[in-house]
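Go ahead and model the full structure; you've got the sequences and the hints to work with.
Number of protein chains: 2
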Amino acid sequence: MSHLPENIQRTIEEFSKLPGIGTKSAERLTFYLLRKRDQDVREFGDALTGLKQGINYCQICSNLCTKDICGICQNESRNKNVICVVEEMLDLIAMEKASDFKGVFHVLHGVISPVEGVGPDELRIAELISRVKAGDIEEIILALNPSMEGEATAAYIVRNLEGQDVKITRLARGIPVGGDLEYADTQTLRQAMQNRSQY
Amino acid sequence: MSHLPENIQRTIEEFSKLPGIGTKSAERLTFYLLRKRDQDVREFGDALTGLKQGINYCQICSNLCTKDICGICQNESRNKNVICVVEEMLDLIAMEKASDFKGVFHVLHGVISPVEGVGPDELRIAELISRVKAGDIEEIILALNPSMEGEATAAYIVRNLEGQDVKITRLARGIPVGGDLEYADTQTLRQAMQNRSQY
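As you go down the protein sequences, you meet chains A and B in turn. Reading the first sequence from the start, the letters are residues 14 to 212 in the working numbering. Reading the second sequence from the start, the letters are residues 14 to 212 in the working numbering.
Keep in mind the hints are simulated off the structure, nothing from the lab. Heads up, some of the hints might be wrong.
The list cannot tell twin chains apart, which means a pair is met if one copy fits it or any two copies do.
What the hints assert, rightly or not - Dumping the calculated DMTMM-like pairs for lysine to aspartate or glutamate here, alpha-carbon to alpha-carbon at most 25 Å: (1) K93 <-> D51; (2) K49 <-> E135; (3) K80 <-> E19; (4) K37 <-> E109; (5) K49 <-> E129; (6) K30 <-> E109; (7) K37 <-> D53; (8) K180 <-> D51; (9) K110 <-> E26; (10) K37 <-> E19; (11) K30 <-> E56; (12) K30 <-> D198; (13) K146 <-> D53; (14) K37 <-> E56; (15) K30 <-> D59; (16) K93 <-> E195; (17) K115 <-> E129; (18) K180 <-> E56; (19) K49 <-> E100; (20) K146 <-> E101; (21) K80 <-> D51; (22) K30 <-> D104; (23) K115 <-> D51; (24) K49 <-> E101; (25) K49 <-> E162; (26) K49 <-> D81.
In this text the structure is predicted, and so the values were computed from the model without any measurement.
And the structure:
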C-alpha cells in the first residue's frame, strides 16, 4: 500500500501488532481515528506515550501501581490476613469487579508453563511464600485458571507452603451462571456434582 | 476501577472508544502493552500523535495524502479517463489490493443517508460532477456498496450526470468466490443468474 501516507501506514502497522487485531481491523481503526477530531487522536497518542510512565509493582502484592504500595494494600478496611492469588492483572480486575472480596491480592504475573519456558522463578511465587512466612496470614485463596498451567502452579504453591499454619483454598468449580448443562464438559459436571450445595 | 493507576485507566478508556472494542478488550490490549518494552509502546503513541499531521485530501480525487495531489493521480501510468467511485478510503485500499485497475479513483467519503442526516452536499459528489464536466472522462465505475444507501447515492450520481457523454458502470453482482449457493440471498442469486457468463 505504498500510496498511503507514511503516518497512516505506520499507525495501521502499530495497531496490527496488537493481539486479535489483523490488518483489516487495523485499517478500520486507523481510518476511524482519521475521521475524529485532531485533539481526540492526540489524547489517545498521549495516553499511550505516558502509559508506562511511573508504573511499578506494589512491593507487597505485585499489583501495578504508581506508588511503592498499591491502593488495595494501603486500604485500611481490607483484611490483610486473607490473600487472593491471581495469575495476572486482568484477573485481579475481574475479581474486584465481581466480588465483595475484602482481603488483599497477590499477582503472580504468569503461570508455570514448561512449554513457554516459564518456571517458578519467573513468577512472583517467592514473594508470596515470604508474605506467608512473615506470619499473620490466615487464608490463601488460589484463584488461578482451571487450566493445566494453573493447576501446576497451584500445586507448586501448595507444596512450598507445606508446614505453614495457613488455610489454602481455591475457587469453586461448577456450572457457570447462564451456562448450559448440555454443553458442560464432563470434568466440570463431575466437580459440580461433588461440590453440590444444599438448597 | 479506582485502584488502577491513572495512566492505565486512561489508556483503557481511549481503547474502548474505538469501534468494536469493549471494556474487556480495552483492558486486554492495555495490559498487553504494559508487558511490552517502553520503546514499543512509545512508538505506538508517537504514531497516533502524528497520525493526522499533514494529512489532507487530494485536490483531484479526495484520496487522503500528504501533498496536494495523491500518488495515484500523479502516477503517469494510470488512465485518468476512467474513474472508480468509492465510498471511503477502506474501499479504495481494498480495490487497489484486489485488482489491476489502472484508472484513477474518486472517494466520496460517505454515502447519502437520510437516517444519519448525510445529504449529497456532505459528500464529494459535486467534485466528481466537476471532474466529468471538465471533459475527457470515458467511464465512471460506481464501486459503491450494494446497500440501500449505496444504491441511493449511485442513483443520485447517475441523475446528476445525465446528458454528459460518459459511460457509467457498476461492479458485477453475483456469488462471492468461496461463497455457498445455499446461503446466498434471493436478490444475489437473481442477479447472479441474470448476469451469468459464458464458460
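Hint-by-hint comparison with the structure:
1. Neither within a single protomer nor between protomers do K93 and D51 lie at most 25 Å apart by alpha-carbon distance, with minima of 46 Å and 33 Å respectively.
2. Taking CA atoms no more than 25 Å apart as the test, K49 paired with E135 passes between copies only; the shortest distance there is 16 Å, against 42 Å inside one copy.
3. Taking the closest pair of Cα atoms, K80 and E19 come within 25 Å of each other only across two copies (12 Å); inside a single copy the shortest separation is 39 Å, beyond that limit.
4. Proximity of K37 to E109 under the C-alpha cut-off of 25 Å is restricted to the inter-copy arrangement: shortest distance 14 Å between copies versus 34 Å within a copy.
5. For the homomeric pair K49 and E129, the shortest alpha-carbon distance between copies (17 Å) is at most 25 Å, but the shortest distance inside one copy (40 Å) is not.
6. When the C-alpha separation of K30 and E109 is checked against a cutoff of 25 Å, the pair qualifies only between copies, where the shortest distance is 23 Å, while the shortest distance within a copy is 29 Å.
7. Both within a single protomer and between protomers do K37 and D53 lie at most 25 Å apart by alpha-carbon distance, with minima of 22 Å and 21 Å respectively.
8. In this homomeric assembly, K180 and D51 never come within 25 Å of each other (Cα to Cα): the closest approach is 55 Å inside a single copy and 39 Å across copies.
9. In the homo-oligomer, the alpha carbons of K110 and E26 lie at most 25 Å apart only across protomers (16 Å), although the nearest pairing inside one protomer, at 33 Å, exceeds that limit.
10. Proximity of K37 to E19 under the C-alpha cut-off of 25 Å is restricted to the intra-copy arrangement: shortest distance 17 Å within a copy versus 31 Å between copies.
11. Proximity of K30 to E56 under the C-alpha cut-off of 25 Å is found in both arrangements, the shortest distances being 20 Å within a copy and 12 Å between copies.
12. Taking the shortest Cα distances, K30 and D198 never come within 25 Å of each other, neither inside one copy (34 Å) nor across copies (36 Å).
13. For a Cα distance limit of 25 Å, the shortest separation of K146 from D53 qualifies neither inside one copy, at 49 Å, nor across copies, at 38 Å.
14. In the homo-oligomer, the alpha carbons of K37 and E56 lie at most 25 Å apart both inside one protomer (24 Å) and across protomers (21 Å), since each shortest distance falls under that limit.
15. For the identical chains of this complex, K30 and D59 are neighbours both inside a copy (19 Å) and across copies (15 Å), given an alpha-carbon limit of 25 Å.
16. In this assembly of identical chains, the alpha carbons of K93 and E195 never lie at most 25 Å apart, being 41 Å within a copy and 62 Å across copies at closest.
17. When the C-alpha separation of K115 and E129 is checked against a cutoff of 25 Å, the pair qualifies neither within a copy, at 34 Å, nor between copies, at 48 Å.
18. Proximity of K180 and E56 under a CA criterion of 25 Å is satisfied in neither setting, with 47 Å inside one chain copy and 46 Å between copies.
19. In this homomeric assembly, K49 and E100 come within 25 Å of each other (Cα to Cα) only across copies, at 17 Å, whereas the closest approach inside a single copy is 37 Å.
20. Proximity of K146 and E101 under a CA criterion of 25 Å is satisfied intra-copy only: 23 Å inside one chain copy versus 63 Å between copies.
21. For the identical chains of this complex, K80 and D51 are inter-copy neighbours only, at 19 Å across copies versus 33 Å inside a copy, given an alpha-carbon limit of 25 Å.
22. Both within a single protomer and between protomers do K30 and D104 lie at most 25 Å apart by alpha-carbon distance, with minima of 23 Å and 22 Å respectively.
23. For the identical chains of this complex, K115 and D51 are neighbours neither inside a copy (43 Å) nor across copies (34 Å), given an alpha-carbon limit of 25 Å.
24. When the C-alpha separation of K49 and E101 is checked against a cutoff of 25 Å, the pair qualifies only between copies, where the shortest distance is 15 Å, while the shortest distance within a copy is 33 Å.
25. In this assembly of identical chains, K49 and E162 lie within 25 Å of each other by CA distance solely across copies; the values are 22 Å between and 43 Å within a copy.
26. Taking the closest pair of Cα atoms, K49 and D81 come within 25 Å of each other only across two copies (21 Å); inside a single copy the shortest separation is 38 Å, beyond that limit.
In terms of the numbered hints stated before, the structure departs from hints 1, 8, 12, 13, 16, 17, 18, 23, listed from lowest to highest.
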